[in-house]
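*Asks:* So the chains spell out like this:
Number of protein chains: 2
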Amino acid sequence: MSIKIKSPGTVANLVCGFDILGLALDKPYDIMEFELIDTPGVVIENRDDFNLPTDPENNVAGVVLLAALEKAGINKGIKVVIEKHIKPGSGLGSSAASAAGAAVGANKLLGNIFSRDELVQLAMIGEKLATGVKHADNITPCILGGITLIRSIHPLDIVPLASPDLYVTVVHPQIEVRTSDARQILRKQVYLKDAIKQWGNIAGLVAGFMSNDKDLIGRSMEDVIIEPVRSILIPAFDEVKQKCKEAGALGGGISGSGPSIFMLSDAEATAQKVGEIMKSVYDGLGIENYVYVTTINKNGVEEIA
Amino acid sequence: MSIKIKSPGTVANLVCGFDILGLALDKPYDIMEFELIDTPGVVIENRDDFNLPTDPENNVAGVVLLAALEKAGINKGIKVVIEKHIKPGSGLGSSAASAAGAAVGANKLLGNIFSRDELVQLAMIGEKLATGVKHADNITPCILGGITLIRSIHPLDIVPLASPDLYVTVVHPQIEVRTSDARQILRKQVYLKDAIKQWGNIAGLVAGFMSNDKDLIGRSMEDVIIEPVRSILIPAFDEVKQKCKEAGALGGGISGSGPSIFMLSDAEATAQKVGEIMKSVYDGLGIENYVYVTTINKNGVEEIA
Chain A
59 MSIKIKSPGT
69 VANLVCGFDI
79 LGLALDKPYD
89 IMEFELIDTP
99 GVVIENRDDF
109 NLPTDPENNV
119 AGVVLLAALE
129 KAGINKGIKV
139 VIEKHIKPGS
149 GLGSSAASAA
159 GAAVGANKLL
169 GNIFSRDELV
179 QLAMIGEKLA
189 TGVKHADNIT
199 PCILGGITLI
209 RSIHPLDIVP
219 LASPDLYVTV
229 VHPQIEVRTS
239 DARQILRKQV
249 YLKDAIKQWG
259 NIAGLVAGFM
269 SNDKDLIGRS
279 MEDVIIEPVR
289 SILIPAFDEV
299 KQKCKEAGAL
309 GGGISGSGPS
319 IFMLSDAEAT
329 AQKVGEIMKS
339 VYDGLGIENY
349 VYVTTINKNG
359 VEEIA
Chain B
59 MSIKIKSPGT
69 VANLVCGFDI
79 LGLALDKPYD
89 IMEFELIDTP
99 GVVIENRDDF
109 NLPTDPENNV
119 AGVVLLAALE
129 KAGINKGIKV
139 VIEKHIKPGS
149 GLGSSAASAA
159 GAAVGANKLL
169 GNIFSRDELV
179 QLAMIGEKLA
189 TGVKHADNIT
199 PCILGGITLI
209 RSIHPLDIVP
219 LASPDLYVTV
229 VHPQIEVRTS
239 DARQILRKQV
249 YLKDAIKQWG
259 NIAGLVAGFM
269 SNDKDLIGRS
279 MEDVIIEPVR
289 SILIPAFDEV
299 KQKCKEAGAL
309 GGGISGSGPS
319 IFMLSDAEAT
329 AQKVGEIMKS
339 VYDGLGIENY
349 VYVTTINKNG
359 VEEIA
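Quick note, the sequences are listed as chains A and B, same order.
Counting from 59, one number per residue, gives the positions in the first sequence under our numbering.
Counting from 59, one number per residue, gives the positions in the second sequence under our numbering.
One chain only, chain A, in its complex shape (with noise of 0.2 Å):
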């Protein structure tokens, strides 16, 4: 038996958001290909060209795959063959789509034995050996689909929040901004007044998403602590952003710690509009560049024929 799926890209963070909000593309997606096999261990095999490790213990999925088969105490093994679209370093959750891949997979072949939350556990796994810090705000919306929150890590508290019909441009200017740079250059501590703003943007944000209420998302989409901070990797990161909201895009930033920055369009012609502005300020600096131009996936990772 042998179960395929696709699993997302995500946008973690929403600009207020940090390290609690996310979403689910429905473009770009990985394709896995997983199969229960009678050798124990893990075998991976990679479709693509992104030199990624195959030694299980150095794959994000790899690691995931380890520990599901360890938690559900078989003596069998797994085979996964991965055809990675969403490219390492993007910022698109290119690593959690592994992870979540791998836990979602590996249940379904072992037939349904965990639960949401201990797929988003074992899930943390891989984005531990990607990134330093177990972290879900990417692997949730991919996993559940939809815009998720992470209340808190310790003890995990998800909450699914609300799937709105937006369009999301994202362009990938193919420059390196490596998570763990992007979170050192944080300052440890930040400004009450500046938390109150923050906070006062996120429940705008959560609302604005739980009533539909556009405009509502539009103007919380505002980051005073990290953005200023971040941005700064981002070469025209200032440009791209005002000319998307001229164009009409509600709102945008940095998704998750970069260099892709996202915006959410509540028209397809303004999304694809958004688009062109993107991809010509890039070229213009002629920096390699990708541009999606997506709807928030509803259904998180599924299984495809």
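None of these hints come from the bench; they were simulated from the model.
Among the hints, a few may not be true.
Copies of one chain are not kept apart here, so a pair can be met inside one copy or by any two copies together.
Below are the PhoX-like pairs computed for lysine-lysine, each with C-alpha atoms no more than 20 Å apart in a straight line [to be verified]:
#1 K251 to K337
#2 K129 to K192
#3 K192 to K251
#4 K356 to K303
#5 K129 to K166
#6 K186 to K251
#7 K356 to K85
#8 K331 to K272
Once you have looked at the hints, place chain B on chain A.
*Replies:* Chain B in isolation, oriented as in the chain A frame:
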């Protein structure tokens, strides 16, 4: 022509939503009666024992009425009779009730000439007199009813959230905590990791209110930034909170800057029991106290016969 209104007490902050969240109470409330008079200026008559100033320049309702008259640009005056039941210094929005009541009362007398946001702006003039700060987290629920979010003060962005059917128990231990003192003991900077916990809780609380998820509301009412500092000013705070939660309250904490403590419950019997616990703790300490068992007010300031 005279207009009689009741202006409700309010609970600001709602534990994790410092400076941005608030709710209106069905009890206690002030009664205010307004009359247009030919002599320009404001005449104040207090029908209670709080000895509040009757000089309009030094009275919370007075400064709001003066501002409303000036903004309206008419050559008349307003007489107001105030019957205050919300004790000044209780942390239950006593000054906000005077300020918001005055703004709404004046507006009704003058033919509903002010917008919602203008009413809040007018009432903030009263809060400035009372506390030194133009804040709106009591005023807004007082005017609108329900649970409200102040996403931003500059520019003013008010978001009505919900009016869930929850019971509110409040205890006002008769000790003095000055809002300005309660504000001064706060640290100017906070750890980013604490701010992240706080905004996870705020996001959870907003989602809980909007989806009527009482368990989520309870889990989210946690404050790692303000409560640990301010609760020191309130005798037996930890004991009250713990016993109330053990008795089934969803959660709660300091009302505004204190000294009142509020608890939310999803059943009236629980709310009553919580009130008895509060009373017995403060009676045991020999601290005079007032307990209110009430519901969330859905209408805000409203005209009465």
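*Asks:* A separate judgement is required for each hint: does it hold in the structure or not?
*Replies:* Taking the hints in turn, this is what the structure says about them:
1. Taking identical chains as interchangeable, the C-alpha atoms of K251 and K337 are never at most 20 Å apart, the minima being 36 Å within one chain and 35 Å between chains.
2. In this homomeric assembly, K129 and K192 come within 20 Å of each other (Cα to Cα) only inside a single copy, at 18 Å, whereas the closest approach across copies is 56 Å.
3. Within a single copy, K192 and K251 get their C-alpha atoms only as close as 29 Å, which misses the 20 Å cut-off; across copies the closest is 14 Å, which meets it.
4. Proximity of K356 and K303 under a CA criterion of 20 Å is satisfied in neither setting, with 25 Å inside one chain copy and 36 Å between copies.
5. For the homomeric pair K129 and K166, the shortest alpha-carbon distance inside one copy (14 Å) is at most 20 Å, but the shortest distance between copies (67 Å) is not.
6. In this homomeric assembly, K186 and K251 come within 20 Å of each other (Cα to Cα) only across copies, at 18 Å, whereas the closest approach inside a single copy is 32 Å.
7. Within a single copy, K356 and K85 get their C-alpha atoms as close as 12 Å, which meets the 20 Å cut-off; across copies the closest is 43 Å, which misses it.
8. In this assembly of identical chains, the alpha carbons of K331 and K272 lie at most 20 Å apart only when taken from the same copy (18 Å versus 42 Å across copies).
Violated hints for the displayed structure, listed by number in ascending order: 1, 4.
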